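On the provided structure of chain A, position chain B as indicated by the hints.
Chains as they are written, first to last, in the working numbering: chain A, 3 to 375; chain B, 3 to 375.
The hints are simulated quantities; they were obtained by calculation from the structure and are not laboratory data.
Small disclaimer: the values here were computed from a predicted structure and weren't measured.
All C-beta atoms in this analysis are idealised placements derived from N, C-alpha and C, irrespective of residue type, glycine included.
Among these hints, one or two may not hold up.
[Stated by the list, open to error] Covered, in the sense of this in silico footprint (three residues per stretch, anywhere, with C-beta under 8 Å from a C-beta of chain A), are these stretches of chain B:
1) 219 to 231
2) 273 to 282
[As the list claims (entries may be wrong)] No more than 30 Å apart at the CA atoms, straight line, and that leaves these computed lysine-lysine pairs for DSBU-like:
3) K77/A to K140/A
4) K8/A to K298/B
5) K84/A to K29/B
6) K284/A to K298/B
2 protein chains.
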Amino acid sequence: MELTLKREALSSTLQNINSVVDKSSTKPILSNFVIRTMEGENSEVEFSSTDYELSLVELIVAEIKEPGSICVNAKKVFDIVKELQDEDVHIRSTEQLWIHITCGSSELRLPSVEVGLYPQTVLEELPQSMTISVDDLKHCIDMTLFATITNESRRNLMGVCLCSTSDQQTRWLSTDGHRLAQIIKAVDNLSFGEDQEVIIPRKALTEVRRAADLFGETVIITFDGRVMQFTGGRINFKTRLIEGKFPNCDPIIPKNNTLEIVVNRENFINSLRIVSSISTEKLRPVKLIISQGVLKIESEKADYGEVVDEIEAGYEGEPFQIGFNSRYLLDVLAVIDSEDVKLECKNSMSPTIIKSTADEAFLSVIMPLRVEW
Amino acid sequence: MELTLKREALSSTLQNINSVVDKSSTKPILSNFVIRTMEGENSEVEFSSTDYELSLVELIVAEIKEPGSICVNAKKVFDIVKELQDEDVHIRSTEQLWIHITCGSSELRLPSVEVGLYPQTVLEELPQSMTISVDDLKHCIDMTLFATITNESRRNLMGVCLCSTSDQQTRWLSTDGHRLAQIIKAVDNLSFGEDQEVIIPRKALTEVRRAADLFGETVIITFDGRVMQFTGGRINFKTRLIEGKFPNCDPIIPKNNTLEIVVNRENFINSLRIVSSISTEKLRPVKLIISQGVLKIESEKADYGEVVDEIEAGYEGEPFQIGFNSRYLLDVLAVIDSEDVKLECKNSMSPTIIKSTADEAFLSVIMPLRVEW
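Isolated chain A (complex conformation) (with noise of 0.2 Å):
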């Protein structure tokens, strides 16, 4: 294989490809990618890698002199092709699996791997299939990532559950156990039974939402019950889906709620940071003491000290008061983007609604905690 590229496109796309490759290295063959000249095309190579659960495809404009593929090291082809300064970088294979790249006055000479021995992403015709605006997929993946389990103590958690709602609209939905995030968003050519869902993996949507400006203006999404495929522009990512059922997070969402809050956003943002910043827990826990026109937040009373701060807030109701980690209200609150929020509950025990002022199309849901304070 000979080629020459543009060093700008080549860093570019060698940072998604790093991003996707398996830094675990427990399967040392995962820490390589392939380039890939296609049959029939002269200006385009591939560039591709996987860590088995997620893959990237992408194709970069190149000067083809003669096709192949190889198979090389990732992290260190980035780190050195980040450093080079002219703007042709040319790439050759000997027989010998010795990569030779040169830019400018450098010169890089690489062992490479047999390409057969990485495991080949194949892009697939699947049945199911809808159409979505770059921005409206950032929108989803933002306003419902952040309610993912992390950890792996419940798999069918760490991920965000895609399925179509009655009038034929997709509704993206995540939740911890503690917390649960939904979007309801309209897309094209949406072809989903009624009765499916699909549960994407975390790590696919963070990679999809980091690369997402590239995708151009509309990205297609198809997938069975196995993998998804998110297309657009010249990058293709695939992924396996999460196998097991979500749980059915209906009966969480409090309907008829009597008591209603509005807040101004940032106000509210800036006091829980203010009374938060005393606790030492991870999820420092906070009480909100709700009366006519005033949010008052008090921080526990630890050994360390004690907080309270005010603010103006849209209530005709009782007093009351309900607690809540703050981290969770922080984490909502910083992805919503209206000026004021809402927030809807029964009684101080009872799951709580926050959501926007301005846009009907998302909720999210937080557990309260007993204070005892």
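Just chain B now, kept in the frame of chain A:
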């Protein structure tokens, strides 16, 4: 004690205070700091903290309602104050050792410690002194601190050695045994015997450098054989000096060098970064191959590949080659600010001088590596 301060000034002072505070938590009392009003002084209060080795005493404008002093946890106060939003911060202590801090609608209540338990920093009249501009002080620290030792293996190398030269300038010198850095700088009002030398600890110089812009235009440095004080504006640092003798480095600085190479500093940095990026060793050894007009840089030949690069060099002599840890070269190239740098040595096994082509006051020496590839 009761007083009101501006939040921004408080926040900036607390950052300095907190930076001096002992993080090791082996002596819990040192996690605190002290605020103290001064007799006959109605518009400024004194903030101070110490880790026994290094102390900071900073004055800050305040509206004093009731004089007194408090001793309170530095990190907690810093963490909370940086989240506050309003302009004024009001601090009040009670007889039960509670500290009340209010800012806008935020109220904190923190426990405090008897001020008498905290080691008080006393600024002293010291026999030796000099006056240096803040820019010169920053420069002297930048040009030497990088070559000090960071582990505890040789305590006398964990700082910068300061002495005076025969022509009444100061000499700042550091070494870690593999390299050294030296800068000569004229100062004002120098009273420093020619046979004397002091070793200023890393941490003191790091903190003085970080806070340097708060000193104003000039810094007065006073010292004896035990301690050194840096005073300027509203800030005073006092540090113990490192006991022990600094090694005589003069024999290591090679004289009468016959080989001289001049290279563009940025090109040299770029090439070193490209070539060293293949290495997995911490210090990243490289080989410099020098011939007329050309400097070629080669990585070691490792399992994971090899890199070479070359740049233009001003050199007229016989070809030769010499090995270095690229980390040491990059450290000194990062602090030099001239367009070109000059390397001077005798042969491929001799210590090598690296210096600016524009500033004769600075030099660095790096020991070569035996390169066996």
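Exercise. Tell me, in ascending order, the numbers of any earlier hints that this structure violates.
Key: 1, 5 and 6
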